[in-house]
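Colleague: The chain contents come next:
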Amino acid sequence: MQTDLIQEARRQAEICNACRYCEGYCSVFPSLHANRAFSDGDITQLANLCHNCRGCYYACQYTAPHEFDLNLPAALAEVRHDSWEELAYPSVVARQFQKNGMAVAIAATLCFAVLFALAKWIGLREGEGFYAVMSHNLMVAIFAPAFLFPLASLVVSLRRYWSTVDGKPVTFNHIKQAFGAVANMRNLAGGHGDGCNFEDEDRFTQARRTAHQLVLYGFLLCFASTSSGTILHYVFDLPAPYGLFSLPKLLGIPGGLMMTFGAIWLFHLKLKADPELGAKAARSGEFGFIALLGFVGFSGLALYGLGATTLMPVILALHLGSVLAFFLLTPYTKMAHGFYRLAALVRDAQRKGA
Amino acid sequence: MNNLYDIVVIGGGNAALCAAMTAAEDGAKVLILEAAPKAYRGGNSRHTRNFRCMHSGPLGPLIESYSEEEYFADLMKVTDGKTHEGLARMAIRRSEECLPWMESHGVRFQPSLSGTLSLARTNAFFLGGGKGLVNAYYRTAAKLGVDVEYDAKVTHLEVEDGKVVYLDYVQGEQTHRLAPKAVVVASGGFQADMDWLARAWGPAAKNFLIRGTPYNRGVVLADLLEQGVEQVGDPTQCHAVAIDGRAPKFDGGIVTRLDCVPFSIVVNKNAERFYDEGEDIWPKRYAIWGRLVATQPDQVGYVIIDAKSLELFMPSVFPPIKADTIEELAQKMGLPADGLRDTVDTFNAACGDTTGFHPTDLDGVSTSGLTPPKTNWARPITQAPFYGYSLRTGVTFTYLGLKVDDAAQCSMGNLPVRNLWAAGETMAGSILGKGYLAGFGMTIGTVFGRIAGKEAAKYAN
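So the sequence lines, in the order shown, correspond to chains S and R. Note that the first sequence covers residues 5 to 358 in this note's numbering. Note that the second sequence covers residues 405 to 865 in this note's numbering.
To be clear, the hints were calculated from the coordinates, so they are not data collected in a lab. The reader is advised that the hints may include incorrect statements.
In silico lysine to any residue, SDA-like type, Cα no more than 25 Å apart, as pairs [claimed, not checked]:
{"#": "1", "chain 1": "R", "residue 1": "Lys610", "chain 2": "S", "residue 2": "Phe72"}
{"#": "2", "chain 1": "R", "residue 1": "Lys547", "chain 2": "S", "residue 2": "Asp206"}
{"#": "3", "chain 1": "R", "residue 1": "Lys442", "chain 2": "S", "residue 2": "Val118"}
{"#": "4", "chain 1": "R", "residue 1": "Lys557", "chain 2": "S", "residue 2": "Pro69"}
{"#": "5", "chain 1": "R", "residue 1": "Lys442", "chain 2": "S", "residue 2": "Asp206"}
What follows is a set of in silico ranges between Cβ atoms, one per label pair, in the way DEER data are often shown [said to hold, decoys possible]:
{"#": "6", "chain 1": "R", "residue 1": "Gly760", "chain 2": "S", "residue 2": "Val159", "range": "48 to 58 Å"}
{"#": "7", "chain 1": "S", "residue 1": "Asn39", "chain 2": "R", "residue 2": "His762", "range": "57 to 67 Å"}
{"#": "8", "chain 1": "S", "residue 1": "Gln11", "chain 2": "R", "residue 2": "Ala811", "range": "48 to 58 Å"}
{"#": "9", "chain 1": "S", "residue 1": "Gln11", "chain 2": "R", "residue 2": "Pro789", "range": "52 to 62 Å"}
{"#": "10", "chain 1": "S", "residue 1": "Asp73", "chain 2": "R", "residue 2": "Pro789", "range": "28 to 38 Å"}
Looking from chain S toward chain R, a few residues come up when the C-beta cut is under 8 Å (computed) [what the hints assert, rightly or not]:
{"#": "11", "residue": "Glu18"}
{"#": "12", "residue": "Asn21"}
{"#": "13", "residue": "Ala22"}
{"#": "14", "residue": "Ser35"}
{"#": "15", "residue": "His37"}
{"#": "16", "residue": "Arg40"}
{"#": "17", "residue": "Phe42"}
{"#": "18", "residue": "Ser43"}
{"#": "19", "residue": "Asp44"}
{"#": "20", "residue": "Tyr62"}
{"#": "21", "residue": "Gly195"}
{"#": "22", "residue": "Gly199"}
{"#": "23", "residue": "Tyr308"}
Every residue, glycine too, gets a C-beta built ideally from N, C-alpha and C.
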């Protein structure tokens with residue numbers, strides 16, 4: 005990992021440790037204050053525990069022009085992004101995508117769309133509805149590895165993370181605490197429950213927290229929708245398309261709406277937020293990731309709305325293309341943050357239990 | 405001349421904001437003139453962290469109760485009785501209603517910080533510290549229609565026939581003149597004016613560090629005192645603590661404090677001890693060490709500890725100077741090596757049974773036959789590596805200020821200045837003659853800020 009980034013975060017953490025005014029904002033400070041000295045692993049853990057709520061920055065008496073020049077959210081964001089690049093497997097791919105997500109995500113989406121259009125062109129069709137465009141077997145042949153490979157890659161990365169932060173054996177209670185913190189995004193609540201700073205300097209709002217949870221829960225609903233479709237197909241021999249009151253639709257439509265709306269909201273908030281308080285180099289990558297997420301949700305909804313029209317094959321290709329890009333890029337884009345964040349919260353639960 | 409505003413509040417810290425919000429809520433059109441740029445707004449309030457609050461039962465973050473009598477007794481202990489009892493009791497009594505008021509104006513509290521558990525009952529900590537409080541108040545003030553000018557340095561208030569008739573301020577190259585109906589002065593002490601400090605303290609003052617804002621230069625205070633507005637306090641009295649000698653000249657704030665004195669010996673530049681380092685627990689003693697160091701040659705002290713004490717206190721912002729021998733430490737710190745060796749040896753020989761050592765309680769582990777003695781936590785300094793810090797006097801705020809009555813009103817001769825009120829550090833000398841009690845500055849600022857705002861609005865309406 006880049007030692008200059010870690011060293012700068014360590015310099016700032018040592019000042020924070022002598023101050024402690026921010027102890028109530030989030031999980032980072034109690035964890036920071038438990039140390040007197042900070043190893044590289046400690047700094048990596050603090051960086052991944054930080055949700056960039058920015059409360060500490062706007063409350064800080066030592067931000068520039070003060071000579072201490074503290075900007076802890078940015079220092080930790082730099083280390084965090086660097087750690088994701090370093091810990092990714094293979095890390096060379098992460099270096100391409102983390103910082104230049106927008107261009108690459110668009111290229112990838114178009115690429116995959118072309119690929120699917122080709123699939124149609126060479127005529128591997130054998131069914132009705134979507135499967136008239138692409139056979140179910142072809143879809144599975146493409147998506148099963150595209151889903152399993154990123155999972156395997158993430159397993160490698162998380163094992164690397166765990167050894168970097170000196171993780172201990174995980175218990176059910178650690179997991180429960182970590183998922184609890186994610187479920188209500190406690191670390192974006194500001195400690196007082198008024199929310200976090202982001203889009204309007206030092207004003208506390210629930211906007212970012214709510215938008216994030218819309219995307220998170222929307223994504224999970226969409227994932228559940230796809231899973232339920234898979235089960236209907238294989239276990240109950242009920243292939244798509246499904247009616248409005250079927251499980252895939254009841255989960256997928258609200259999920260798609262939440263994901264789409266949440267992503268647009270997050271994009272908008274991020275445009276208003278001060279880039280100096282994040283990892284500036286990763287900014288385009290983050291916008292790219294949000295756009296891709298939003299497009300996955302939106303194209304899924306469009307497919308439902310326009311599935312009976314002649315536009316369907318094109319939209320299907322775009323939707324499946326974006327889903328494929330999303331899966332393949334998961335270990336190498338901002339999407340990986342969820343896995344590292346969860347690991348950091350598990351590690352923090354261990355610290356608190358210790 | 406501009407008469408747009410009913411009330412001008414001079415200053416942009418806690419007391420100023422409390423006055424401005426209160427006056428605006430009572431219908432006055434208020435302007436805040438803050439001398440600092442926006443990034444440094446809030447005066448010394450930026451660096452504060454808590455509010456000492458009387459309470460008869462659990463209140464917000466505060467546990468149990470803290471009575472008027474106990475609060476007043478705590479105050480008398482640190483001021484040696486040099487306290488204006490009437491105003492002090494009023495501030496104490498009204499602190500209780502302030503806490504919910506602060507919450508309703510945007511302040512959020514947090515449980516007592518790690519390392520400050522001894523204050524959990526008496527002091528309510530601001531979430532994020534004083535700058536968080538200041539930010540919340542500026543947001544609330546804006547909603548109430550209060551206007552704010554930054555970089556706006558008030559140079560003169562014209563007092564005629566017991567009344568402020570106009571005031572001048574400079575912003576950039578421009579001078580502006582305003583004629584509000586009433587004025588609240590809440591622009592702090594004069595501690596950032598090193599020349600004024602030197603007139604009071606002599607050349608020693610040049611070695612002082614200023615813990616807070618460089619913008620509290622006492623310009624308005626001096627201007628009013630020159631015109632005969634009633635003064636209170638002694639120019640040498642101030643809140644001063646001993647801080648890390650490597651701290652910045654201004655604005656070092658909380659992180660420059662050192663909590664290791666009780667576990668150390670402290671020597672001057674001649675390597676001689678000069679005061680009982682273990683007199684009481686540190687939160688009760690840190691405020692006297694600023695003055696102790698100020699009276700030593702070159703206004704500097706040196707704290708010496710050994711390896712066994714290194715983790716008994718809050719981490720310091722700068723790492724300690726480290727050496728394997730006492731002589732090497734002396735050399736690194738610019739102290740006479742033989743002298744420090746002697747002082748340490750003499751101290752070590754005077755230490756007795758240390759089995760009762762307890763870092764957070766008065767443990768009575770003391771020296772015998774030593775002058776000055778160390779009456780608690782006296783353990784020999786023997787275990788390498790040895791560590792040292794330099795100590796300098798860090799001034800928080802000066803007590804010489806404007807004398808006010810229980811309505812926060814200023815006076816001239818024996819008559820009130822009809823449209824002039826003062827709040828916060830600029831009038832704290834009306835209550836505190838010497839010494840300091842943690843969190844009492846914010847109590848004075850909040851209580852008197854609200855009174856000043858209310859009275860000024862009443863007058864303006």
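Colleague: Next step is simple, just say for each hint if it's right about the structure.
Modeller: Status of the hints after comparison with the structure:
As the CA atoms of Lys610(R) and Phe72(S) are separated by approximately 23 Å, the hinted pair is consistent with the 25 Å bound. With a C-alpha separation of about 15 Å, the suggested pair Lys547(R) and Asp206(S) falls inside the 25 Å cut-off, and the hint holds. Of the pairs offered as hints, the one joining Lys442(R) and Val118(S) is violated, with about 54 Å between alpha carbons and a cut-off of 25 Å exceeded. With a C-alpha separation of about 19 Å, the suggested pair Lys557(R) and Pro69(S) falls inside the 25 Å cut-off, and the hint holds.
Restraint check for Lys442(R) and Asp206(S): satisfied, since their Cα atoms lie roughly 13 Å apart, inside the 25 Å limit. Checked against the hint of 48 to 58 Å, the pair Gly760(R) and Val159(S) passes, with Cβ atoms roughly 54 Å apart. At roughly 24 Å, the beta-carbon separation of Asn39(S) and His762(R) lies outside the given 57 to 67 Å, and the hint is violated. In this structure the supplied range 48 to 58 Å holds for Gln11(S) paired with Ala811(R), their Cβ-Cβ distance being about 55 Å.
Evaluation of the 52 to 62 Å hint for Gln11(S) and Pro789(R) yields a failure: the beta carbon distance comes to about 23 Å. With their beta carbons about 30 Å apart, Asp73(S) and Pro789(R) fall inside the hinted range of 28 to 38 Å. The closest approach between the C-beta of Glu18(S) and any C-beta of chain R is roughly 7 Å, which is under the 8 Å cut-off, so the hint is satisfied. With a least beta-carbon distance of about 5 Å to chain R, the hint placing Asn21(S) at the interface is held under the 8 Å criterion.
Evaluation of the Ala22(S) hint against chain R yields a held restraint, the C-beta minimum of about 4 Å falling below 8 Å. For Ser35(S), the suggested interface contact is broken, since its CB lies about 12 Å from the closest CB of chain R, more than 8 Å. Satisfaction of the interface hint for His37(S) is found here, the shortest Cβ-Cβ separation to chain R being roughly 5 Å, below the 8 Å cut-off. A hinted interface residue such as Arg40(S) counts as satisfied when its beta carbon comes closer than 8 Å to some beta carbon of chain R; here the least separation is about 5 Å, so the hint holds.
For Phe42(S), the interface hint is violated, the least distance from its beta-carbon to any beta-carbon of chain R being 11 Å, above 8 Å. The interface hint given for Ser43(S) is broken, as the beta carbon of that residue sits about 15 Å from the closest beta carbon of chain R, more than 8 Å. Interface hint status for Asp44(S): violated, as the beta-carbon distance to the closest one in chain R is roughly 18 Å, over 8 Å. Annotation: interface hint on Tyr62(S) holds; nearest CB of chain R at approximately 6 Å, less than 8 Å.
The beta carbon of Gly195(S) is positioned within 8 Å of a beta carbon in chain R (closest approach about 6 Å), and the interface hint is therefore held. Look at Gly199(S): its Cβ only gets to about 11 Å from chain R, farther than 8 Å, so that hint breaks. For Tyr308(S), the interface hint is violated, the least distance from its beta-carbon to any beta-carbon of chain R being 43 Å, above 8 Å.
Consistency with the previously given hints fails for numbers 3, 7, 9, 14, 17, 18, 19, 22, 23, ordered from lowest to highest.
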